[in-house]
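Asker: Here the sequence shown stands for residues -21 to -1, 1 to 345, where the numbers follow mature numbering (1 follows the signal peptide of the UniProt record, and there is no 0).
Watch out, some of these pointers could steer you wrong.
The calculated lysine-lysine pairs, modelled on PhoX-like cross-linking and capped at a C-alpha distance of 25 angstroms, are [said to hold, decoys possible]:
id: 1; residue 1: Lys225; residue 2: Lys109
id: 2; residue 1: Lys135; residue 2: Lys161
id: 3; residue 1: Lys325; residue 2: Lys311
id: 4; residue 1: Lys130; residue 2: Lys109
id: 5; residue 1: Lys311; residue 2: Lys331
id: 6; residue 1: Lys325; residue 2: Lys130
id: 7; residue 1: Lys178; residue 2: Lys311
id: 8; residue 1: Lys331; residue 2: Lys130
id: 9; residue 1: Lys219; residue 2: Lys178
id: 10; residue 1: Lys331; residue 2: Lys135
id: 11; residue 1: Lys325; residue 2: Lys109
id: 12; residue 1: Lys135; residue 2: Lys178
id: 13; residue 1: Lys161; residue 2: Lys178
id: 14; residue 1: Lys178; residue 2: Lys225
id: 15; residue 1: Lys109; residue 2: Lys331
id: 16; residue 1: Lys109; residue 2: Lys161
id: 17; residue 1: Lys225; residue 2: Lys130
None of these hints come from the bench; they were simulated from the model. Computed from a predicted structure; not experimentally measured.
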Amino acid sequence: MSPRSLLAIASIATLSGSALGSPAVAARHYTTTALHTPLTTICTGGDDSSSVSTAPTSEPHETQPSSKDYPTTCLPSLGTTLISTVTVTANATCASLSLPIPSTVTITATVTADKNCTAPTSPPALQCDKYGYLIQHADLIRVDLETGSIKNIAQKIGDGSDINGMGYNPLDNYLYARQGGKNMLVRIASDGTLTEVMKMPTNVGEYCGDIDDDGYYWYSTGGADWQQMDLRPGSPTYGKLLGSGKFAAGGYRALADWVFLPSRGRYLYGFSRATGSGRGTDLVRFGMDTHRFETVRNYPTLSGGFGAAYGMDDGRNATLFASDNSSGFIWKIELAADGTTGQPIKSANGPKTSSNDGARCVRNIL
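Given these sequences and hints, build the entire structure.
Answerer: Written out as C-alpha coordinates, the structure is:
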(Lines of atoms letter the chains of each structure in order from A and count residues from 1; the text may use other names and numbers.)
(Lines give C-alpha, C1' and ligand atoms only; values in the text may rest on other atoms or scores of the structure.)
Protein backbone atom coordinates (compact mmCIF):
# COMPACT_ATOMS: atom_id res chain seq x y z
CA MET A 1 0.00 0.00 0.00
CA SER A 2 1.29 3.45 -0.85
CA PRO A 3 0.94 6.45 1.49
CA ARG A 4 -1.53 9.11 0.35
CA SER A 5 -2.70 12.18 2.20
CA LEU A 6 -6.30 11.87 1.06
CA LEU A 7 -7.89 9.29 -1.15
CA ALA A 8 -11.29 10.89 -1.31
CA ILE A 9 -10.91 14.29 -2.94
CA ALA A 10 -12.84 16.43 -5.36
CA SER A 11 -10.61 18.74 -7.35
CA ILE A 12 -11.46 21.37 -9.89
CA ALA A 13 -8.80 22.79 -12.20
CA THR A 14 -9.08 25.47 -14.85
CA LEU A 15 -7.38 24.97 -18.23
CA SER A 16 -6.62 27.89 -20.51
CA GLY A 17 -5.32 27.48 -24.02
CA SER A 18 -5.98 27.69 -27.73
CA ALA A 19 -7.94 24.77 -29.12
CA LEU A 20 -8.47 24.63 -32.87
CA GLY A 21 -9.37 21.95 -35.36
CA SER A 22 -10.91 18.55 -34.70
CA PRO A 23 -11.41 17.41 -31.07
CA ALA A 24 -8.34 15.68 -29.65
CA VAL A 25 -7.81 13.93 -26.33
CA ALA A 26 -5.00 15.33 -24.21
CA ALA A 27 -3.61 13.67 -21.06
CA ARG A 28 -3.36 15.88 -17.96
CA HIS A 29 -1.05 15.26 -14.96
CA TYR A 30 -1.96 16.89 -11.64
CA THR A 31 0.06 17.97 -8.62
CA THR A 32 -2.25 18.79 -5.72
CA THR A 33 -1.71 20.86 -2.62
CA ALA A 34 -4.16 20.36 0.25
CA LEU A 35 -4.62 22.13 3.59
CA HIS A 36 -5.05 19.48 6.30
CA THR A 37 -6.19 19.38 9.86
CA PRO A 38 -4.30 16.82 11.98
CA LEU A 39 -5.69 13.36 11.32
CA THR A 40 -4.90 9.70 11.12
CA THR A 41 -7.15 7.60 8.95
CA ILE A 42 -7.46 4.21 7.34
CA CYS A 43 -9.09 4.45 3.86
CA THR A 44 -10.20 1.59 1.66
CA GLY A 45 -12.06 1.33 -1.60
CA GLY A 46 -11.70 2.96 -4.99
CA ASP A 47 -8.86 1.60 -7.07
CA ASP A 48 -6.67 0.66 -4.08
CA SER A 49 -6.36 0.88 -0.30
CA SER A 50 -4.03 3.11 1.64
CA SER A 51 -3.03 4.11 5.13
CA VAL A 52 -2.49 7.78 5.87
CA SER A 53 -0.90 9.33 8.93
CA THR A 54 -0.27 13.06 9.23
CA ALA A 55 1.61 14.90 11.95
CA PRO A 56 -0.36 17.49 13.91
CA THR A 57 0.09 20.60 11.84
CA SER A 58 -2.02 23.27 10.22
CA GLU A 59 0.58 24.11 7.54
CA PRO A 60 -0.14 23.45 3.86
CA HIS A 61 0.96 19.97 2.87
CA GLU A 62 1.87 18.98 -0.70
CA THR A 63 0.69 15.55 -1.73
CA GLN A 64 2.38 13.24 -4.20
CA PRO A 65 1.35 13.62 -7.84
CA SER A 66 -1.22 11.11 -8.95
CA SER A 67 0.08 8.52 -11.38
CA LYS A 68 -3.22 8.48 -13.26
CA ASP A 69 -3.93 10.44 -16.46
CA TYR A 70 -7.30 12.12 -16.75
CA PRO A 71 -8.13 12.65 -20.44
CA THR A 72 -9.79 15.86 -21.45
CA THR A 73 -11.17 16.63 -24.90
CA CYS A 74 -10.02 19.92 -26.45
CA LEU A 75 -12.99 21.32 -28.32
CA PRO A 76 -12.30 23.36 -31.48
CA SER A 77 -13.14 27.04 -31.45
CA LEU A 78 -11.61 28.74 -34.50
CA GLY A 79 -9.81 31.96 -33.68
CA THR A 80 -10.86 31.97 -30.00
CA THR A 81 -9.45 30.89 -26.64
CA LEU A 82 -10.97 27.83 -25.03
CA ILE A 83 -11.58 27.93 -21.28
CA SER A 84 -12.30 24.40 -20.11
CA THR A 85 -13.13 23.07 -16.64
CA VAL A 86 -11.55 19.76 -15.69
CA THR A 87 -13.06 17.79 -12.80
CA VAL A 88 -11.01 15.00 -11.17
CA THR A 89 -12.59 12.61 -8.64
CA ALA A 90 -11.02 9.67 -6.81
CA ASN A 91 -13.42 7.51 -4.79
CA ALA A 92 -12.68 5.80 -1.48
CA THR A 93 -14.43 4.81 1.72
CA CYS A 94 -12.79 5.73 5.02
CA ALA A 95 -13.39 2.95 7.56
CA SER A 96 -12.16 4.68 10.70
CA LEU A 97 -10.97 8.14 11.63
CA SER A 98 -9.17 9.45 14.67
CA LEU A 99 -9.86 13.07 13.68
CA PRO A 100 -12.45 14.56 11.33
CA ILE A 101 -11.52 15.18 7.71
CA PRO A 102 -12.33 18.76 6.61
CA SER A 103 -15.31 18.88 4.27
CA THR A 104 -13.58 21.24 1.84
CA VAL A 105 -10.14 20.71 0.39
CA THR A 106 -8.56 23.40 -1.80
CA ILE A 107 -6.68 21.94 -4.76
CA THR A 108 -4.17 23.79 -6.93
CA ALA A 109 -3.68 21.84 -10.17
CA THR A 110 -0.79 22.11 -12.58
CA VAL A 111 -1.94 20.99 -16.02
CA THR A 112 0.34 19.65 -18.74
CA ALA A 113 -1.05 18.72 -22.15
CA ASP A 114 0.72 15.76 -23.71
CA LYS A 115 -1.03 16.28 -27.05
CA ASN A 116 -1.48 19.67 -28.65
CA CYS A 117 -4.73 20.70 -30.27
CA THR A 118 -3.81 22.10 -33.69
CA ALA A 119 -5.78 24.18 -36.18
CA PRO A 120 -6.36 23.04 -39.74
CA THR A 121 -4.37 25.21 -42.13
CA SER A 122 -6.28 27.38 -44.58
CA PRO A 123 -5.58 26.84 -48.27
CA PRO A 124 -3.02 29.36 -49.58
CA ALA A 125 -4.34 32.72 -50.74
CA LEU A 126 -3.07 34.46 -53.86
CA GLN A 127 -0.42 37.17 -53.54
CA CYS A 128 -1.74 39.92 -55.86
CA ASP A 129 0.82 38.79 -58.41
CA LYS A 130 1.16 39.81 -62.06
CA TYR A 131 -0.62 36.81 -63.54
CA GLY A 132 -4.09 36.33 -64.89
CA TYR A 133 -6.00 33.31 -63.63
CA LEU A 134 -8.01 31.40 -66.20
CA ILE A 135 -10.65 28.82 -65.43
CA GLN A 136 -11.46 26.48 -68.31
CA HIS A 137 -14.27 24.05 -67.53
CA ALA A 138 -12.91 22.99 -64.10
CA ASP A 139 -9.17 23.46 -64.75
CA LEU A 140 -7.28 26.36 -63.15
CA ILE A 141 -4.53 27.87 -65.32
CA ARG A 142 -2.12 30.72 -64.60
CA VAL A 143 -1.47 32.99 -67.59
CA ASP A 144 1.34 35.48 -68.14
CA LEU A 145 -0.46 38.32 -69.93
CA GLU A 146 2.80 39.69 -71.38
CA THR A 147 4.25 36.49 -72.82
CA GLY A 148 1.24 34.19 -73.10
CA SER A 149 3.02 31.41 -71.20
CA ILE A 150 0.82 29.28 -68.97
CA LYS A 151 1.09 27.03 -65.93
CA ASN A 152 -1.51 24.37 -65.24
CA ILE A 153 -2.25 24.67 -61.53
CA ALA A 154 -5.01 22.10 -60.96
CA GLN A 155 -7.43 20.04 -63.02
CA LYS A 156 -11.05 19.05 -62.48
CA ILE A 157 -11.30 20.92 -59.22
CA GLY A 158 -14.36 20.66 -57.01
CA ASP A 159 -16.97 18.28 -58.38
CA GLY A 160 -15.50 18.60 -61.88
CA SER A 161 -18.44 20.52 -63.34
CA ASP A 162 -17.94 23.80 -65.24
CA ILE A 163 -16.86 26.86 -63.27
CA ASN A 164 -17.59 30.38 -64.51
CA GLY A 165 -18.24 33.96 -63.45
CA MET A 166 -14.89 34.16 -61.63
CA GLY A 167 -13.64 37.22 -59.76
CA TYR A 168 -10.66 38.14 -57.57
CA ASN A 169 -11.62 39.33 -54.07
CA PRO A 170 -9.12 42.02 -52.96
CA LEU A 171 -10.29 41.71 -49.35
CA ASP A 172 -9.01 38.16 -48.83
CA ASN A 173 -7.02 37.39 -52.03
CA TYR A 174 -9.07 34.38 -53.09
CA LEU A 175 -10.88 33.69 -56.35
CA TYR A 176 -14.65 33.24 -56.21
CA ALA A 177 -16.90 31.76 -58.86
CA ARG A 178 -19.97 29.61 -59.47
CA GLN A 179 -19.63 25.87 -60.01
CA GLY A 180 -22.61 24.69 -62.00
CA GLY A 181 -23.00 21.08 -60.85
CA LYS A 182 -24.60 21.97 -57.52
CA ASN A 183 -25.02 25.71 -58.20
CA MET A 184 -22.44 26.51 -55.54
CA LEU A 185 -20.47 29.64 -54.77
CA VAL A 186 -16.90 28.35 -54.53
CA ARG A 187 -13.63 29.79 -53.26
CA ILE A 188 -10.42 28.89 -55.09
CA ALA A 189 -6.95 29.09 -53.54
CA SER A 190 -3.64 29.72 -55.30
CA ASP A 191 -2.91 25.98 -55.48
CA GLY A 192 -6.34 25.20 -56.93
CA THR A 193 -7.88 24.00 -53.68
CA LEU A 194 -11.63 24.55 -53.99
CA THR A 195 -13.91 25.22 -51.04
CA GLU A 196 -17.69 25.19 -51.38
CA VAL A 197 -18.91 28.33 -49.62
CA MET A 198 -22.68 28.14 -50.01
CA LYS A 199 -25.52 27.64 -52.45
CA MET A 200 -25.83 30.52 -54.88
CA PRO A 201 -28.82 32.74 -54.04
CA THR A 202 -29.85 32.57 -57.70
CA ASN A 203 -29.62 29.94 -60.44
CA VAL A 204 -29.15 32.02 -63.57
CA GLY A 205 -26.11 30.21 -65.00
CA GLU A 206 -23.92 33.29 -64.96
CA TYR A 207 -20.66 33.49 -66.86
CA CYS A 208 -19.63 37.14 -66.29
CA GLY A 209 -18.16 37.91 -62.89
CA ASP A 210 -15.86 40.20 -60.95
CA ILE A 211 -15.48 41.60 -57.42
CA ASP A 212 -15.08 45.32 -56.78
CA ASP A 213 -12.72 47.03 -54.31
CA ASP A 214 -15.36 46.89 -51.57
CA GLY A 215 -15.82 43.12 -51.79
CA TYR A 216 -19.10 43.02 -53.74
CA TYR A 217 -19.45 40.24 -56.30
CA TRP A 218 -21.15 41.31 -59.53
CA TYR A 219 -22.27 38.57 -61.89
CA SER A 220 -24.40 38.28 -65.02
CA THR A 221 -25.51 35.94 -67.79
CA GLY A 222 -24.01 37.70 -70.78
CA GLY A 223 -25.41 41.09 -69.92
CA ALA A 224 -29.03 39.87 -69.87
CA ASP A 225 -29.26 40.45 -66.12
CA TRP A 226 -27.19 41.56 -63.15
CA GLN A 227 -26.73 40.48 -59.54
CA GLN A 228 -24.82 42.02 -56.64
CA MET A 229 -23.71 39.74 -53.79
CA ASP A 230 -21.90 40.60 -50.56
CA LEU A 231 -18.53 38.81 -50.25
CA ARG A 232 -17.02 41.03 -47.57
CA PRO A 233 -15.47 38.73 -44.94
CA GLY A 234 -17.19 39.21 -41.57
CA SER A 235 -20.09 41.19 -43.01
CA PRO A 236 -23.52 40.47 -41.42
CA THR A 237 -24.93 40.18 -44.95
CA TYR A 238 -22.13 37.95 -46.27
CA GLY A 239 -23.41 35.71 -49.05
CA LYS A 240 -26.65 37.66 -49.38
CA LEU A 241 -27.99 39.00 -52.66
CA LEU A 242 -28.12 42.79 -52.30
CA GLY A 243 -29.60 43.63 -55.70
CA SER A 244 -30.56 42.17 -59.07
CA GLY A 245 -32.30 43.09 -62.28
CA LYS A 246 -33.03 42.16 -65.89
CA PHE A 247 -32.92 44.06 -69.15
CA ALA A 248 -36.00 44.14 -71.34
CA ALA A 249 -33.93 44.27 -74.52
CA GLY A 250 -31.69 41.41 -73.42
CA GLY A 251 -28.66 43.55 -72.66
CA TYR A 252 -25.38 42.54 -74.27
CA ARG A 253 -25.81 38.81 -74.69
CA ALA A 254 -22.43 38.46 -76.38
CA LEU A 255 -20.65 39.86 -73.30
CA ALA A 256 -18.72 36.92 -71.82
CA ASP A 257 -16.77 38.57 -68.99
CA TRP A 258 -16.42 41.93 -67.29
CA VAL A 259 -13.81 43.68 -65.14
CA PHE A 260 -13.89 46.32 -62.41
CA LEU A 261 -11.28 49.08 -62.94
CA PRO A 262 -11.15 51.27 -59.78
CA SER A 263 -9.85 54.47 -61.40
CA ARG A 264 -12.53 54.35 -64.12
CA GLY A 265 -15.41 54.88 -61.69
CA ARG A 266 -18.20 52.55 -60.68
CA TYR A 267 -18.37 50.55 -63.88
CA LEU A 268 -17.68 47.04 -65.09
CA TYR A 269 -15.96 46.88 -68.50
CA GLY A 270 -15.96 44.18 -71.14
CA PHE A 271 -15.94 43.31 -74.84
CA SER A 272 -19.16 42.43 -76.64
CA ARG A 273 -19.73 41.51 -80.27
CA ALA A 274 -21.28 44.53 -81.93
CA THR A 275 -24.73 44.11 -83.46
CA GLY A 276 -24.88 44.32 -87.23
CA SER A 277 -22.74 42.79 -89.94
CA GLY A 278 -19.09 43.87 -90.03
CA ARG A 279 -19.26 46.05 -86.93
CA GLY A 280 -16.56 44.16 -85.03
CA THR A 281 -16.45 44.52 -81.25
CA ASP A 282 -17.84 47.06 -78.79
CA LEU A 283 -16.13 48.12 -75.60
CA VAL A 284 -19.07 48.34 -73.18
CA ARG A 285 -19.54 49.16 -69.53
CA PHE A 286 -22.21 48.48 -66.93
CA GLY A 287 -23.03 51.20 -64.38
CA MET A 288 -22.99 49.75 -60.87
CA ASP A 289 -25.25 52.59 -59.68
CA THR A 290 -27.41 53.15 -62.77
CA HIS A 291 -27.67 49.42 -63.61
CA ARG A 292 -27.50 50.30 -67.30
CA PHE A 293 -25.17 49.36 -70.13
CA GLU A 294 -23.56 51.78 -72.52
CA THR A 295 -21.14 51.48 -75.43
CA VAL A 296 -17.83 53.23 -74.80
CA ARG A 297 -16.27 52.67 -78.22
CA ASN A 298 -16.64 50.49 -81.29
CA TYR A 299 -13.66 48.64 -82.79
CA PRO A 300 -14.75 47.52 -86.27
CA THR A 301 -11.58 45.54 -87.04
CA LEU A 302 -11.48 43.64 -83.75
CA SER A 303 -13.41 40.40 -83.86
CA GLY A 304 -13.67 37.27 -81.76
CA GLY A 305 -15.32 35.83 -78.70
CA PHE A 306 -13.66 37.20 -75.58
CA GLY A 307 -14.39 34.69 -72.85
CA ALA A 308 -11.81 35.81 -70.28
CA ALA A 309 -11.05 39.39 -69.26
CA TYR A 310 -8.47 40.81 -66.83
CA GLY A 311 -7.87 44.30 -65.44
CA MET A 312 -4.88 46.40 -64.41
CA ASP A 313 -5.16 49.77 -62.68
CA ASP A 314 -2.46 52.05 -61.23
CA GLY A 315 -4.94 54.50 -59.73
CA ARG A 316 -4.91 56.85 -62.73
CA ASN A 317 -4.72 54.77 -65.88
CA ALA A 318 -6.27 51.39 -66.46
CA THR A 319 -5.84 48.54 -68.92
CA LEU A 320 -8.37 45.96 -70.01
CA PHE A 321 -7.00 42.62 -71.23
CA ALA A 322 -9.20 40.10 -73.02
CA SER A 323 -8.48 36.69 -74.49
CA ASP A 324 -10.05 35.54 -77.76
CA ASN A 325 -11.33 31.99 -77.36
CA SER A 326 -10.66 30.70 -80.87
CA SER A 327 -7.20 32.17 -81.51
CA GLY A 328 -5.85 32.52 -77.97
CA PHE A 329 -4.71 36.08 -78.74
CA ILE A 330 -4.62 38.33 -75.67
CA TRP A 331 -5.61 41.89 -76.55
CA LYS A 332 -5.28 44.98 -74.39
CA ILE A 333 -6.86 48.43 -74.49
CA GLU A 334 -5.66 51.41 -72.47
CA LEU A 335 -8.26 53.51 -70.63
CA ALA A 336 -6.47 56.76 -69.82
CA ALA A 337 -7.11 59.16 -66.96
CA ASP A 338 -8.52 61.77 -69.39
CA GLY A 339 -11.26 59.35 -70.43
CA THR A 340 -9.82 58.40 -73.81
CA THR A 341 -9.52 54.78 -74.91
CA GLY A 342 -6.71 53.51 -77.08
CA GLN A 343 -6.63 51.12 -80.00
CA PRO A 344 -6.50 47.38 -79.28
CA ILE A 345 -2.96 46.01 -79.10
CA LYS A 346 -2.08 42.33 -79.21
CA SER A 347 -0.26 41.67 -75.97
CA ALA A 348 0.54 37.96 -76.32
CA ASN A 349 -0.42 34.63 -77.83
CA GLY A 350 -2.24 32.79 -75.09
CA PRO A 351 -4.07 29.46 -74.93
CA LYS A 352 -7.13 28.66 -77.03
CA THR A 353 -10.05 28.19 -74.71
CA SER A 354 -13.73 27.39 -74.32
CA SER A 355 -16.19 27.53 -71.43
CA ASN A 356 -13.79 29.84 -69.65
CA ASP A 357 -13.47 32.93 -67.49
CA GLY A 358 -10.63 35.07 -66.17
CA ALA A 359 -9.67 37.16 -63.13
CA ARG A 360 -6.62 38.79 -61.59
CA CYS A 361 -5.55 41.24 -58.89
CA VAL A 362 -6.21 44.54 -60.66
CA ARG A 363 -3.75 46.49 -58.47
CA ASN A 364 -0.68 44.62 -59.71
CA ILE A 365 1.02 46.67 -62.43
CA LEU A 366 2.86 44.74 -65.12
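Asker: Run through the hints listed earlier and report the numbers of any the structure violates, in increasing order.
Answerer: 1, 7, 16, 17
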